[in-house]
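J.: Here are the chains, one letter per residue:
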Amino acid sequence: GQQVMQIPQYQHVQEGEDFTTYCNSSTTLSNIQWYKQRPGGHPVFLIQLVKSGEVKKQKRLTFQFGEAKKNSSLHITATQTTDVGTYFCAGTIYNFNKFYFGSGTKLNVKP
Amino acid sequence: GAVVSQHPSWVICKSGTSVKIECRSLDFQATTMFWYRQFPKQSLMLMATSNEGSKATYEQGVEKDKFLINHASLTLSTLTVTSAHPEDSSFYICSGHPGLYSYEQYFGPGTRLTVT
Chain A
635 GQQVMQIPQY QHVQEGEDFT TYCNSSTTLS NIQWYKQRPG GHPVFLIQLV KSGEVKKQKR
695 LTFQFGEAKK NSSLHITATQ TTDVGTYFCA GTIYNFNKFY FGSGTKLNVK P
Chain B
84 GAVVSQHPSW VICKSGTSVK IECRSLDFQA TTMFWYRQFP KQSLMLMATS NEGSKATYEQ
144 GVEKDKFLIN HASLTLSTLT VTSAHPEDSS FYICSGHPGL YSYEQYFGPG TRLTVT
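Chains as they are written, first to last, in this note's numbering: chain A, 635 to 745; chain B, 84 to 199.
Since the hints were made in silico from the structure, they are not lab data. Since this is a predicted model, take the numbers as computed values, not measurements. Ideal Cβ placement from N, Cα and C applies to all residues, glycine included.
Derived CB-CB ranges, DEER-like:
hint	chain 1	residue 1	chain 2	residue 2	range
1	A	P673	B	P169	20 to 30 Å
2	A	E649	B	W93	30 to 40 Å
3	B	I95	A	G687	48 to 58 Å
4	A	H646	B	K147	37 to 47 Å
5	A	A712	B	S98	41 to 51 Å
Pulled a few chain A residues facing chain B out of the computed Cβ check, cut under 10 Å:
hint	residue
6	V638
7	Q643
8	H676
9	V678
10	F679
11	Q682
12	T720
13	F722
14	A724
15	K732
16	F733
17	F735
18	G736
19	G738
20	K740
Computed footprint of chain A on chain B; a stretch qualifies when at least three of its residues, placed anywhere within it, have a C-beta under 8 Å from a C-beta of chain A:
hint	region
21	120-129
22	187-193
Modelling step: build the complete structure from the supplied sequences, incorporating the hints.
T.: Right, dumping it as structure tokens:
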């Protein structure tokens, strides 16, 4: 079945360092979304990418969608303690009505 | 963003009993709602997709007779865990999908189910 893999599983960084999480799909995706889940909380939508090669930025966060629409990345510049949480990618294929979540990357930022 | 509520936020029940979890979209109409299950330190596993007024579509490996889903209105979906067993203990999260032109999902706060 459809699988969306995410690496790394965990990342510990010092505050101010950069962080990147990668998402890979075995199937071409129609679009990809990124979510952040704080400890004890529920996932919160960050952004959606639709076009091949698309790059979007939100302040210190940069999101990329691969040319083949099979991979995506989230890069955080100069991490802050408020960035702590688990970041999930979620892709849809063909039918926009179903989302497949990646395994998530748990980010810990040391002050 | 849009708000989704879930009730109860946590529940403890005895093995063999049934538990109903409600998911409500408070300020938008959710044509589609999703039910996920999340184990500790793991990702969200899609259990089923429900569309208002029709039967839910279950993912492979999810027992539809055990996890009954009803989406009676555009703002309410319910998940009933029937004859619960300890292995059903988990965090259940619902999400609402507003419609065709918005692919964002708005998640509820989740329900922690513990079966003793």
